[in-house]
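Chains as they are written, first to last, in the working numbering: chain F, 4 to 81; chain L, 45 to 659.
None of these hints come from the bench; they were simulated from the model.
In this text, a Cβ means the ideal position worked out from N, Cα and C, and glycines have one as well.
Careful: at least some of the hints might be erroneous.
[Stated by the list, open to error] Ranges between beta-carbon positions, derived for each pair:
#: 1; chain 1: L; residue 1: Gln404; chain 2: F; residue 2: Gly5; range: 21 to 31 Å
#: 2; chain 1: F; residue 1: Glu41; chain 2: L; residue 2: Asp95; range: 50 to 60 Å
#: 3; chain 1: F; residue 1: Lys8; chain 2: L; residue 2: Phe649; range: 33 to 43 Å
#: 4; chain 1: L; residue 1: Leu261; chain 2: F; residue 2: Glu41; range: 29 to 39 Å
#: 5; chain 1: F; residue 1: Leu43; chain 2: L; residue 2: Gly414; range: 37 to 47 Å
#: 6; chain 1: F; residue 1: Lys59; chain 2: L; residue 2: Asp95; range: 31 to 41 Å
#: 7; chain 1: L; residue 1: Lys405; chain 2: F; residue 2: Lys59; range: 35 to 45 Å
#: 8; chain 1: L; residue 1: Ala255; chain 2: F; residue 2: His58; range: 38 to 48 Å
#: 9; chain 1: L; residue 1: Arg615; chain 2: F; residue 2: Thr35; range: 23 to 33 Å
#: 10; chain 1: F; residue 1: Leu43; chain 2: L; residue 2: Pro607; range: 19 to 29 Å
#: 11; chain 1: L; residue 1: Arg615; chain 2: F; residue 2: Gly21; range: 52 to 62 Å
[Claimed, not checked] With a Cα cut of at most 27 Å, we get these calculated BS3-like pairs of lysine-lysine:
#: 12; chain 1: F; residue 1: Lys62; chain 2: L; residue 2: Lys516
#: 13; chain 1: F; residue 1: Lys62; chain 2: L; residue 2: Lys265
#: 14; chain 1: F; residue 1: Lys17; chain 2: L; residue 2: Lys516
#: 15; chain 1: F; residue 1: Lys59; chain 2: L; residue 2: Lys312
#: 16; chain 1: L; residue 1: Lys265; chain 2: L; residue 2: Lys312
#: 17; chain 1: L; residue 1: Lys510; chain 2: F; residue 2: Lys62
#: 18; chain 1: F; residue 1: Lys59; chain 2: L; residue 2: Lys322
#: 19; chain 1: F; residue 1: Lys17; chain 2: F; residue 2: Lys62
#: 20; chain 1: F; residue 1: Lys17; chain 2: L; residue 2: Lys510
#: 21; chain 1: F; residue 1: Lys59; chain 2: L; residue 2: Lys328
#: 22; chain 1: L; residue 1: Lys322; chain 2: F; residue 2: Lys17
#: 23; chain 1: L; residue 1: Lys312; chain 2: F; residue 2: Lys62
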Amino acid sequence: MGQVKIGVRGHVVKYFPGEQERFLVDIAAPTTVLHLLERLRVDHLLIMMVHINGHKQPKTAIINPGDEVLFFSPPAGG
Amino acid sequence: MNGYAGNILRVDLTNRVSRIEPLPEELADNFIGGRGFVAKLMWDEIPAGADPLGPDNKIIMAPGPLTGAFLPGAGKLEFGAKSPASGGYGDSNVGGHISPEIKQAGFDAIIISGQASTPVYLLIDDFNVAIHEAGHLWGKGAIETETALKHELGEQYQICTIGPAGENKVLFACISHDFGRQAGRTGIATVMGSKNLKAIAVHGTKGIPLADPKATLAKGKEMFAACFAKPGFEEWTPQGTAGVTDWVNEVGAFPTRNFQTSYFPQHKNINGEALVSKIKVTDKACFACPIPCGKYSRVKRPGYDVYVEGPEYETIALIGGNTEIDNIEDCAFANYIVDELGLDSISAGNVIGFAMECSQKGIITAEDLGGRTLNFGSVDDFVWVAEAIAHRRGIGAILADGVKRAAAHFGQGSERFAIHVKGVEWTGYEARYAPAMMLSYMTADVGAHHNRSWAITFDVASGRDKLEGKAKRVIELQHIRPLFDMLCLCRLQWVELGFELDWYPQIFQAVTGKTQSFEELLKFSERVWNLTRAYSLREIPGFGRDFDYPPRRFMEEPIPDGPAAGKVMPREVIDRLLDEYYDLRGWDQRGIPSGAKLAEMGLDFVEGVIAPLRS
Chain F
4 MGQVKIGVRG
14 HVVKYFPGEQ
24 ERFLVDIAAP
34 TTVLHLLERL
44 RVDHLLIMMV
54 HINGHKQPKT
64 AIINPGDEVL
74 FFSPPAGG
Chain L
45 MNGYAGNILR
55 VDLTNRVSRI
65 EPLPEELADN
75 FIGGRGFVAK
85 LMWDEIPAGA
95 DPLGPDNKII
105 MAPGPLTGAF
115 LPGAGKLEFG
125 AKSPASGGYG
135 DSNVGGHISP
145 EIKQAGFDAI
155 IISGQASTPV
165 YLLIDDFNVA
175 IHEAGHLWGK
185 GAIETETALK
195 HELGEQYQIC
205 TIGPAGENKV
215 LFACISHDFG
225 RQAGRTGIAT
235 VMGSKNLKAI
245 AVHGTKGIPL
255 ADPKATLAKG
265 KEMFAACFAK
275 PGFEEWTPQG
285 TAGVTDWVNE
295 VGAFPTRNFQ
305 TSYFPQHKNI
315 NGEALVSKIK
325 VTDKACFACP
335 IPCGKYSRVK
345 RPGYDVYVEG
355 PEYETIALIG
365 GNTEIDNIED
375 CAFANYIVDE
385 LGLDSISAGN
395 VIGFAMECSQ
405 KGIITAEDLG
415 GRTLNFGSVD
425 DFVWVAEAIA
435 HRRGIGAILA
445 DGVKRAAAHF
455 GQGSERFAIH
465 VKGVEWTGYE
475 ARYAPAMMLS
485 YMTADVGAHH
495 NRSWAITFDV
505 ASGRDKLEGK
515 AKRVIELQHI
525 RPLFDMLCLC
535 RLQWVELGFE
545 LDWYPQIFQA
555 VTGKTQSFEE
565 LLKFSERVWN
575 LTRAYSLREI
585 PGFGRDFDYP
595 PRRFMEEPIP
605 DGPAAGKVMP
615 REVIDRLLDE
625 YYDLRGWDQR
635 GIPSGAKLAE
645 MGLDFVEGVI
655 APLRS
């Protein structure tokens, strides 16, 4: 059992619980990014990019207790 | 008037004279600035039925009340003119550094009318305004011209230019500024070319009156600090908008092979990582930007060793996916070519993708092409067509009028895959499986452009097979996003950083002294949305619902492969979206605003023109 620090960057924050940019999530065991998003009831297709502990990772990557996970919104410019 | 320079500059190119007038207070009070000024001045000053490429059309340049103040992204400039592409309302904006310079020169708007008899450039040095001969610049590339004028006038000038495409009245020519920033859409550069106006150079040294300078500085500092405190603040910048390329493919919305499909298998060769690892030199920011999205790149090819700003996402989508140029170096090279030619890279990629499909289908023959073919994936073919378009040579003379007119010329069913709305080419999001995004493109007041309502994440979040709530959200976005163009602020802090909208009325109050909630500011934006609709209704015979449909490809051809395989948006679905959209807007089913809606918006002055259209 441990906690994961979550950060959400950009406009998709409104689809996360409580519309919070930063929050903690308890996890009982290592899990994947996809499973974590499912648990948060956020469609993984809303997320452009995931960083775990500062490094870009695929959505199938494993998250461990103590990790910092950052979710990026897709940009709408150009 | 706090927040405003207090003056309008009028330039008459026919008679080569200028004059300065005070900014009417009611214009600022009712239309805020930027896009609001553009829309109102176009309605008032461009005669109904004016030829977009004639002397009666006017180019309007307008900063906003927050331009040049100390807050994130306060450097946008709005351009407007009757669009030669659509025949109706046209605007486009650019970042860089010229907008604060115009404000500091003392102007809240510049109105350019008439036609010069020979090529000229406009030189503005505070209140000293001069029209100079530009014969030595005519024919030069857009960025080449900016470089030449910087050498001629000095680094202190901020400069907008056109390239050969604008000179030759290509309907999707773009205005270039700051060595790679463009006001690309709706053909405002074409209007510049029609006026023989090659460039505008501005230097300003005046202050801008602020209602509460201390509060403005304090609020601006808070806003920058809030930006810096956002999660992942530093981690988006390296790739800029190119970083979204993989995601758009993941959701099956990437324009590919002239929108034949929505997934490009080689997308990782042209994505943000490819840009960073292979060609990027440095980041490049606009005025007061904490998250520079510009990427300055270097491309080497036989005979070329060139720098280009980009490619950003839209260029990657339309030049990369849509013409299937499958490596970042070739995308960047094509980007460099269209930038120098002064072609909008979005429309250029769209038009050239269309031409490649016409060639593929035998609609354009080798005889039409001087013995060659046009092939998807060939950067050499892309560059050949781009140059033919910019100089109106051969087949390029037809393509130079955009996909709508080119398809009408070629016939043989090509209208089905001419991907535009209102004569303005579609941008970087294929929308057959994104109903809100589809409706966004259909109803954007300037034609098929993403910047009025970017709703594709809303589609994903709310269900891409559902129609409920889509029209309502599109309308909300069509008021929020264009409000940024009235204030002349960059939207990226809001969208990319998640910067809260509540900040903006606070800084608006500090700068102007006017107390408006964000909801109240949105009412101004809705007023302008109805005014731009009225403008196109006045100018385009038969304008209305028929002009709001997407191309037939999207209504009749299922996407053949990729994540959105099998998806299509039949006409009955399109009609349901439009019906609800018009209802919510207070427009009739032909897309004409009701008298009550116009009165509610304070637009009684257009009723006399619109009322006869309802009967």
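Hint-by-hint comparison with the structure:
Checked against the hint of 21 to 31 Å, the pair Gln404 of chain L and Gly5 of chain F fails, with Cβ atoms roughly 56 Å apart. One distance hint, 50 to 60 Å for the beta-carbon pair Glu41 of chain F and Asp95 of chain L, holds here, with the actual separation near 58 Å. For the hinted restraint 33 to 43 Å between Lys8 of chain F and Phe649 of chain L, the CB-CB distance of approximately 56 Å leaves it violated. For the hinted restraint 29 to 39 Å between Leu261 of chain L and Glu41 of chain F, the CB-CB distance of approximately 46 Å leaves it violated.
A hinted range of 37 to 47 Å for the beta carbons of Leu43 of chain F and Gly414 of chain L is inconsistent with their spacing of about 58 Å. As the Cβ distance of Lys59 of chain F to Asp95 of chain L is approximately 52 Å, the hint placing it in 31 to 41 Å is violated. At roughly 41 Å, the beta-carbon separation of Lys405 of chain L and Lys59 of chain F lies within the given 35 to 45 Å, and the hint holds. Roughly 46 Å separates the CB atoms of Ala255 of chain L and His58 of chain F, a value that falls within the hinted 38 to 48 Å.
Arg615 of chain L and Thr35 of chain F have their C-beta atoms about 41 Å apart, which leaves the hinted 23 to 33 Å range violated. Take Leu43 of chain F and Pro607 of chain L: their Cβ atoms lie about 22 Å apart, and the range 19 to 29 Å holds. The given range of 52 to 62 Å is broken by Arg615 of chain L and Gly21 of chain F, whose C-beta atoms sit roughly 41 Å from each other. The suggested pairing of Lys62 of chain F with Lys516 of chain L is violated, with an alpha-carbon distance near 32 Å, which exceeds 27 Å.
A C-alpha spacing of about 36 Å is found between Lys62 of chain F and Lys265 of chain L, which places the hinted pair above 27 Å, so the restraint is violated. Taking the CA atoms of Lys17 of chain F and Lys516 of chain L, the gap is about 17 Å. The hint holds against a cut of 27 Å. A hinted pair counts as satisfied when its Cα atoms are at most 27 Å apart, and Lys59 of chain F with Lys312 of chain L qualifies at roughly 15 Å. The hinted pair formed by Lys265 of chain L and Lys312 of chain L fails the criterion: a straight-line CA distance of about 39 Å is larger than 27 Å.
The hinted pair formed by Lys510 of chain L and Lys62 of chain F meets the criterion: a straight-line CA distance of about 26 Å does not exceed 27 Å. Simply put, Lys59 of chain F and Lys322 of chain L have alpha-carbon atoms about 18 Å apart, close enough for the 27 Å limit, and the pair holds. The hinted pair formed by Lys17 of chain F and Lys62 of chain F meets the criterion: a straight-line CA distance of about 20 Å does not exceed 27 Å. For the proposed pair Lys17 of chain F and Lys510 of chain L, the alpha carbon gap of about 20 Å is at most 27 Å, so the pair holds.
A threshold of 27 Å between alpha carbons decides the hint, and for Lys59 of chain F with Lys328 of chain L the separation of about 23 Å falls inside it, so the pair holds. Taken as a hint, the Lys322 of chain L and Lys17 of chain F pair is broken in the structure, with Cα atoms around 35 Å apart against an allowance of 27 Å. A hinted pair counts as satisfied when its Cα atoms are at most 27 Å apart, and Lys312 of chain L with Lys62 of chain F qualifies at roughly 16 Å.
Consistency with the previously given hints fails for numbers 1, 3, 4, 5, 6, 9, 11, 12, 13, 16 and 22, ordered from lowest to highest.
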